[in-house]
Structure formats: C-alpha cells, structure tokens
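Visitor: This is what each chain is made of:
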Amino acid sequence: MSVPAGIKPDIARLPRRMPGRAPAFAAALIIGLLLAFSASGYHLFQYAQVLIYMIALIGLNLLTGFNGSISLGHGAFFAIGGYGAAILMAHLSVPWWLTLPIMAGLCFIAGFGFGMPALRLEGLYLALATFALAITMPGILNYKRFDAFTGGTSGLQVDKPKVPLHLPINQDQFLFLCCLAAALVMLFIAQNLVSGRVGRAMVALRDHPVAAQTMGINSAMVKATCFGIAALYAGVAGALDAALVGFVAPDSYSVFLSLSLLVGMVVGGLGSLWGMLAGAIFIEFVPNLADSFSDMFGESAKALPWAVYGVFLIAILLLAPHGIAGALRRLVTSVRDMMAKASSRPATELPAISVGNQPAEPNHRTTQGS
Amino acid sequence: MTAFLNQCFSGLAMGGIFAILALSLVMIFQATALLNFAQGEMAMASTYLAWQLIQHRVPYWLAFFLTVILSFAAGVLIERLIIRRFASAPVLTVVIVFIALVFIIDSVVGWIFGYQLQEFPSPFPDHNWFNNPLVSSHQSGILLVTLIVMAVVWAFFRFTTLGLAMRAAAQNPASSRLVGIKVGWMLALGWGLAAAIGSIAGMMAAPLVYLDPSMMSSLLLYGFAGAVLGGINNPWGAVLGGLIVGVSVNLVGAYLVGTQLQLAVALTMIIGVLLVRPSGLFGRTIVTRV
Amino acid sequence: MISRRELLASGAAASVATGASLPALAANAPGVTATEIRIGQTMPYSGPASAYGIIGRTEVAYFKMLNEKGGINGRKIKLMSLDDGYSPPKAVEDIRRLVEQEKVAFIFQSLGTPSNAAIMKYLNNAKIPQLFVATGAAIFSDPKKFPWTMGFNPNYQAEAAIYAKHILANHPKAKIGVLYQNDDFGQDYLVGLKSVLTGDKAGMITKTVSYEVSEPTVDSQIVTLQGAGVDVMLFAATPKFGAQAVHKSFALGFKGVRYLSNVSAAFPILKAAGLDAAKGLLTAAYVKDTSDPALAKDPGYMEWAAFCNKYMDKNAIVDGNAAYGYAAAQTMAHVLKQCGNDLSRANILKQAQSLKDFTCATLLPGITLNTSPTNYSPIRALQIQDFDGAHWKSAGELIHS
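Residue numbers (the working numbering), protein chains in the order written: chain A, 1 to 370; chain B, 1001 to 1290; chain C, 2001 to 2401.
Don't read these hints as lab results, they were simulated from the structure. Even for Gly, the Cβ is constructed at its ideal location relative to N, Cα and C. Among the clues, some could well be false.
Which bits of chain C does chain A cover? Going by a derived footprint, with three or more residues having C-beta under 8 Å, they are [to be verified]: (1) 2039-2051; (2) 2158-2167; (3) 2171-2185; (4) 2250-2264.
Counterexamples of contact, computed for chain B against chain C with all Cβ distances above 12 Å [stated by the list, open to error]: (5) Val1058; (6) Leu1066; (7) Ala1089; (8) Tyr1115; (9) Ala1188; (10) Ala1206; (11) Tyr1222; (12) Val1249.
Only pairs whose alpha carbons sit at most 25 Å apart, straight line, appear in this in silico SDA-like list of lysine to any residue [claimed, not checked]: (13) C:Lys2297 to C:Glu2397; (14) C:Lys2127 to C:Ser2354; (15) C:Lys2271 to B:Arg1158; (16) C:Lys2314 to A:Lys160; (17) A:Lys160 to C:Lys2271; (18) C:Lys2078 to A:Phe293.
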C-alpha cells in the first residue's frame, strides 16, 4: 500500500458548487418520504442502516478519497459513537438526539488525538496503526474496569427513541426519517467542506504534499483535522446506530465492521460523496443477496454466502475498478462523447477519467462542466 | 526464573511463526508494494491441504514438501487469474480484492472441512531435545525452520539469476523489461513464493494453535507487526521483527499490564518505534522523488 | 406500518381474546397454519463462532427427519436458520426479518450471549417466545424481567459452583489457579467459584489469569499459573484455548488436578490437545460423550447414530455440539407436541414452562429437564466425569447446583 501515492482516485476535478445540487437533495428527500410511507418496518430498519453506513462512509471518504490517508480502523470510532451514546442514554438519561452532537464532538477530539501522532506515519504504517486500533477496540470495550458502564460482553440495552409530539408515524418510520435527515445534513456539510478552503488544502496534501507545504499548508494540522472530521462522521453514525438497534456490545464492532466500511467506500467510489450511498447499499444488501444465492448449494452451504459475497465483490471491482461512482462517471463521459461525435463537433477537451498521476491543482478548473 | 525463561521461550516459538509469516508478507511487498491481507487465509488453506494429505497417510515430510509446492502453484494462479486483472486499478481496490479473497478462502475451507478443531502433527519428537526442561522440541524446531527458510530466501535472492531478476523487476520494472526480464511473471513468482513460505508458517503454527478456519486470523496482525517493525523491505528485519514481537507480547502480558491489554500495549510500543524510525528497525529508507 | 399493526394484533390475539367473531384458529401464532409451524433462529454460521454452526444444522436436520415421519400433530415444522455472523446488529436485523417478513411463530435456540441480549427486549415487548437460547449466561433465565425468554444450557455459574464443591470435597487444601476467557462466559465461572469458596475458603483461589479471544495462544498464561505454584487448575476456556491449556499444562509437567469447562470437553477437542495430555482431566457434563464405544448398545446413542447416518455427515456423530443441538431440538419438539392444537404464543410459552423430568437421547443418564413459571433453567444437575485417556467416565453421583 504505497499510499498516499497510490490513493489517487479518479477525481481530477473537485466537486464544486454546482447548480444541480438542490434537485439531487430534493429528489433524495422525496424518495425517502415515499419509502417511509410505503415500506414495511423491517425494510425501513434496513434502509435506516444504509443511511447510517452512508454517513460513516462519507467521513471515511473525506479522509481517504480527499486527503489520501488510509484508515482500516474506522469501525473503532463507530464503536466510540455507539457506546458513548448508549452510555449517555442508559446511565445518564440523556435524550437520544442530544447524543448526536455530543458524540460528534467527542469523536472529533478522539480522532484528532489519534490522528495527530498516527498521521506522521505514512501509508503502510498508518494502515497498520489503524488496523491495530480496530482489532483492539472490542477488547477495550470489554475491559473489566469499565464493566459498570459498558455492561461487558453482554452489552448494553438502550430504549429506542419514542416518536415525539404524537406524530402519526410509527417508531420505524420516525427512526428512518431521522437517519434520512442526518444523512442529508452530513452530506451537505461534506460537500461544502470539500469545495471550500479546507477541502482544497486536503486535496493539495494528497496529491502534492511537498508543494502544498511550501505553499504554507500546515500538513499535520490539516491531516489531523481531517482525521477528526472522519471520526466525527463515524461517531454520528455510531450514535444513530445505537438508537436504531437499541443495543451495543463489543461484538457489534469487530474488525469486520471496519473492513466492511472500507469495502463500502471503494465499491462506492473514492472521492465521490453521493457514491457512498451506493457503497452503503452494497454492504447492507449484498450479503443478504449472497445468502439467498448460496441456498442453491443446499443446507450444508450455510457458510458459503461469504464466498459468494467475495466473488460478487471481485466481479464488481473488475467491472468498476474506480467504484460505482467512477463507472457512472465514465458512462456519462462516454455517452457525452458519443453525442459529441454524433453532432460531429470535434471532441477535443473531453477529458478521460483521470488516472490520477498528474497533480491536480486545487484551483484548476478544466473547461469541462460537471 | 524458570517461569521467566519459559515465557521467553514460548514467546520465541510464537515469534518464529510470526517471523515466517512476516517473511511471506515481505515477499509480496517486495514484488508489489502491497500488504496482502489474504496471506493468513492462504496459509490456513495450505495447512488444511497438508492435513488432508497426512490423513491419507502420506508421510509428514512428503506432505510438507508437496504442500509447499502446491501452495506455490496456487499463489502463482491467484496472481495470474485475479490480481493480474487489477494491475492498473487503484491501490485500495486491490486491498479490497485481498479482503474478498479472505472471505472466499475462509468460507470455502469451512464448507469443505468444517469448523471443528483438528489436531495437526508436529514433525519433531515428543520429548525435549537433549532432555532440557525448558524448550519443547517443537518450539526449537520452529526456530530452526525459521532460520532455514530465512537462509534459503536470502540465498535465493543473493545467488540465483531468478532472484536477481525478481529484485530488479520490483525495483525498476521499466529497465528490467528492457533487459529482457518478464516482469509480469516475476510478480507471479513473488506470489508463489509468498504462498509457499506462508504454508510453512501455517504448518508450524498448527500444532500450537490447532487447525481451524480461523487459525491464522489472530496470527496475521502479529505477522504484520513483525514485518513492519523489522522493516517491510528487509527479509532479515522481518524475521527479527517477528521474534521481537513474539517475546515482547508475552513478557508485556505476563509482567507488565496483564494479558487483557497486552495486544494494545505491544502495538502502541511498535507504533512508538515507528514514530522514531519510520522505516522500521532494519528497513531502508525509501527516498521518493517529488 | 402494516407489519407493526399485524405485530400488535398478533400479540393481542395471543394474550387477550379479541372477540368471539374470530375463528378458533386465529388464536394461533403467526406462522402456524393447518399444515405448518414456522419457527426461526439465528446462528453464527460465519464469523468467530462458526464452530457452533453445526448446532443449527443439526436442528434443521432434526425437524426434517420429524417432517418425514409426519410432523407434529399433523403439522410440518419449518425451522428458518439465518446466519448472524455472531454480530448483534445483524442478529437484530435477522430476527426482524423472521418475525415481520417470514412471520415465524417464535424463536428457538438462537446462539450467543450478545446476539440473544440484543433481541431479548424486542421479542419480549412483542410477546414472542425466545425459547431455549443457546448460551449459559444467567440473564436468560430471569422470568420476572423477561418472561418470554428461556434458557437451556446449565448456566456457567452453576457449573463453576459444582467444580468448587468438588474441589472442597476432594482437595480441601488446594491452591487453585484459574484461567478464564475475559468475557461474560469466563467471568461467570469466577463468580460461580467465589459463590462457593467464601469466607476463609476465599484464599484458596491463589492465581487468576485471563485471555482475550484475539490472542493466538494461552501458553504464556499457563506458564504463569504453573509459576504461581498452584496444585489445582481450572480452565474456563472455549475449545481452542481449552485444548491449548490442556496441552501446555501437560507439556510443562503439571502434576496437579485439572478441571476443564464442559464447552471444551468434547472428544475431538481433547484429541487435538493430545489424549495423553488430556488424561486425568475433570469436567461437569450433561451431554453424552458420543465418541465412547461403550455407548454402542445405549438406546439413546443408537437413535442418535441412526439420525446422523441418515441426515448429517458421519463426523457429526462424535461432535458434542451436534449432540447438544439434537437434545435441544428434541425438547422443542416435545413442547410443540404438548401444545396440541392450541398453538398460540401464550400456550407455547406455557408448555415450555411445564417440562417435567423430560429426558433426551443425547443427554447423560439421570439428566432431566424441568421448568416452571418461576424456573427458566431446564438443566440443573451435572455429572462429574474424568478422562481416562480415551473417553470420559462418569464419577460419582449427579451434583445439583
């Protein structure tokens, strides 16, 4: 993993304030509302889970896709968010919605604190450090002296949030709508972040660290802040998840969670924020799909779904090595290319998907509209 | 005092396993600059192969070498059939492919062989060598095997044309191509060697940790740590790193913080070392041109 | 919304009669038709606890066998067994799918302490029986707090208490060293030991060491115990670590008495540790050692072996987990038979509360299952056994906790 040199996703262009953003949000909101009033409780639970993963993935993508730092231990911050929220709710009777900003703040501090020393490590070493964090997290949550707060291995039960103000919706609809609102808000914030000063500094550090530093960007500060923000997103996701599931335990946050998040991010598409929805859908639904798929092998094939999942994963990466967002972008480009050809205009300036080897200057705007 | 020495030797034996595992990680890293997450599962699958052979009454050492050869072939195949296709994909995409391989190998092996714990024989005698009270013959045997593997790897890279070609291909693919080295095959060779070495780690570990589909998952992190601590681009360093990790984890657990936090403390120590010496204890610093 | 309404309706139907206009069958739980009873469970078929997956496979196979013989009271049993990967959130998702989409009548033998803890509240709120959970944690046998949740395994504290009693009776001056897995499972053993070894006996526990499941071996811990000069070792460990502890203590030449938690006492595990190394071990058992050729003429064993040969693979015969699953499935079938034609959730729970000296083919002679509205731990007595180098042999009477 020769990151950061290797992690150069296919975004030469920065997302910017595009006029097309409001319609996308509006569409998402409408689809969400339609789902909320048509889907069953079980499905809403799954959709809410998707939105929660999406929030965590956006954070991870800010770190990896935009800042070029790798984290194999994002599940650890998800765990802090979840446990923190559960402890606040169960022991201190804090209302659940208040746990979101609290855990956001706490996780930012935790992420910043971890990132400050760890980000001096590069690529491979950072991968090891974060991977180690993911592996040790269940053990820390299980630590005997904390049992009074954490409930040990049997975990902590939380009362799921009640529907407020006698709204005419049930608990599943309420939780789904809360997750929807949170996901859209967090997405909006992320979009503004990457198109602003911080985002440009982040990308500059990813693509050309030395040049960025000579231009006066405080590398350690920006990187650690970025890690903090990524942890913040994971923390919010974790807190929402604790409320949705109504239970936390060390086994909820095994290494598997961290790896799933990594899978979701890459499948969704590095450097694409909307792509994270696709990534979240993948990690929520494809295991179930693999499960029903492997039933064809009969009763003894109870563990095979994960082999099927692995094959799906490799297949999708073969088809879309830059993730689903990358593939869509390529599709759009080639369709445009064809249309351009059809109208027999010289298709000169249409850039191919960037291989990412040329340094992307933060302020550089190609003639290409997005 | 006996207890202390016992802790040290237990640690050294596990360290030997970490060291071989670290060595196999270094092999792939040398060829591709990637850490292979699936290394542990590949080793586990190889060990099941050896187990199956032994169940069919193949003599141990014959089974051992057959497994090493077949693992080599499997490693080459994985590179040729799967990894090759991601040559131009982003690095993280390849990492995800490794994770997918972990899932696939793990569940296919579980499906075929089940999840029950299986015994796996040690090739070394039951009684301790020279009747010493401290070190079991398997423990010292592991160290012996570690050293032999190390020496073979070193000699291979130092004295054979093929080894030289592999090093060249890893360090400067473009020029290597010009002098007629088949760079693509060198990568496959790297994978094959890593798989072969990994299978040795698995067969050495199995008598201690027993054979089940998850046997390597707890070892892999220590292998990573050993490789990174010693210097990921230095085979000698990886072996020393593995041994150091083995002993220090045991001692930290037994005498400093208790076993509950031993992993956390040991890893913190390693990260501490890396902060001071970013390329590992024995690694070469890589200067990148900007 | 639909599902929630149905959920409430079904809960209401089970507890209160909702009106005379409903036909008699409406009182039955969802998932019950004239020809079928649909039940559900989650199992760790993948993930860190996949060794237990065979329990679920045995249970599915058991009901398949029953169905081929005509089912229970004319109804076929359909057990939907889903993989939760030992992850609590996944277990919650699976259980909601089972209850809301698949409309199962109740949940049977879901495995694992954290997974069951995660679904306990949901099931109790909806008044859906969560029967015979596959874990020995004491929280699942608490009818006052969770009336719809019932345990099955003898709980770990009780098992440890039995070891403590045995130690007091046979080695009253022992210095005890304990190796325990650092989670509820292992800590329950410590609690159980200390509940018996009180007062001036408390000092008998001279050294305790723990391990994490993420560790590769417990060799270092055994060295520490040996170094502390104990003469009784108790291994409260899961199979892999139990086998390592047995092996290492033998290799270090430990001469004292060793107790091994019964989850690790199955024959294949001891075989992995080395039969020589396992000689002289003690455990408190309730499932038969189905690897023992002495059982060949035992009717229960013959029933079990015939079942395995037809519905499982041959290796399952000696697998203690499989034998355990068979016992649980047998108990469940018995409860459903007792329900007769009233398959409301309330009646299913009531029948589960009314086990009286029920015996299972794969449980040791003398082990009987008893429940009542205030007793949710069906198995309360255990048999001390020692390992003669080839098989487990019962020693002495059953000990009640």
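Visitor: Next step is simple, just say for each hint if it's right about the structure.
Guide: Going down the list of hints, with the structure as the test:
Given as covered by chain A, the segment 2039-2051 of chain C passes the check, having 6 residues with a CB less than 8 Å from a CB of that chain where 3 are the minimum. Closer than 8 Å: that is the beta-carbon criterion, and the segment 2158-2167 of chain C has 0 residues meeting it against chain A, so the requirement of 3 is violated. Coverage of the segment 2171-2185 of chain C by chain A holds [criterion: at least 3 residues with CB-CB distance below 8 Å; count 4]. Coverage of the segment 2250-2264 of chain C by chain A is violated in this model, with 0 residues showing a Cβ closer than 8 Å to a Cβ of that chain against a need of three.
A cut-off of 12 Å between C-beta atoms confirms that Val1058 of chain B is not in contact with chain C; the least separation is 20 Å. At roughly 23 Å from the closest C-beta of chain C, the C-beta of Leu1066 of chain B stays outside 12 Å, upholding its exclusion from the interface. Listed as outside the interface, Ala1089 of chain B is consistent with that label: its C-beta sits roughly 27 Å from the nearest C-beta of chain C, beyond the 12 Å cut-off. For Tyr1115 of chain B, the condition that its CB be more than 12 Å from all CB atoms of chain C is violated, with the nearest at approximately 4 Å.
At the 12 Å boundary, the C-beta of Ala1188 of chain B stays outside the reach of chain C, the nearest C-beta of that chain being 30 Å off. Under the 12 Å C-beta cut-off, the non-interface status given to Ala1206 of chain B relative to chain C is violated; the minimum distance is some 10 Å. Under the 12 Å C-beta cut-off, the non-interface status given to Tyr1222 of chain B relative to chain C is violated; the minimum distance is some 7 Å. With a least beta-carbon separation of about 8 Å from chain C, Val1249 of chain B fails to lie farther than 12 Å from that chain, contradicting its non-interface assignment.
Straight-line distance between C-alpha atoms of Lys2297 of chain C and Glu2397 of chain C comes to about 22 Å, which keeps the hinted pair within the 25 Å bound. Straight-line distance between C-alpha atoms of Lys2127 of chain C and Ser2354 of chain C comes to about 18 Å, which keeps the hinted pair within the 25 Å bound. Distance restraint check for Lys2271 of chain C and Arg1158 of chain B: the Cα-Cα separation of roughly 44 Å exceeds the 25 Å cut-off, and the hinted pair is therefore not satisfied. The suggested pairing of Lys2314 of chain C with Lys160 of chain A is violated, with an alpha-carbon distance near 46 Å, which exceeds 25 Å.
Among the hinted pairs, Lys160 of chain A with Lys2271 of chain C is inconsistent with the structure: their alpha-carbon atoms are about 47 Å apart, more than 25 Å. Our distance criterion of 25 Å between C-alpha atoms is met by Lys2078 of chain C and Phe293 of chain A, whose separation comes to about 20 Å.
Checked against the numbered hints given earlier, the structure breaks hints 2, 4, 8, 10, 11, 12, 15, 16 and 17 and satisfies all the rest.
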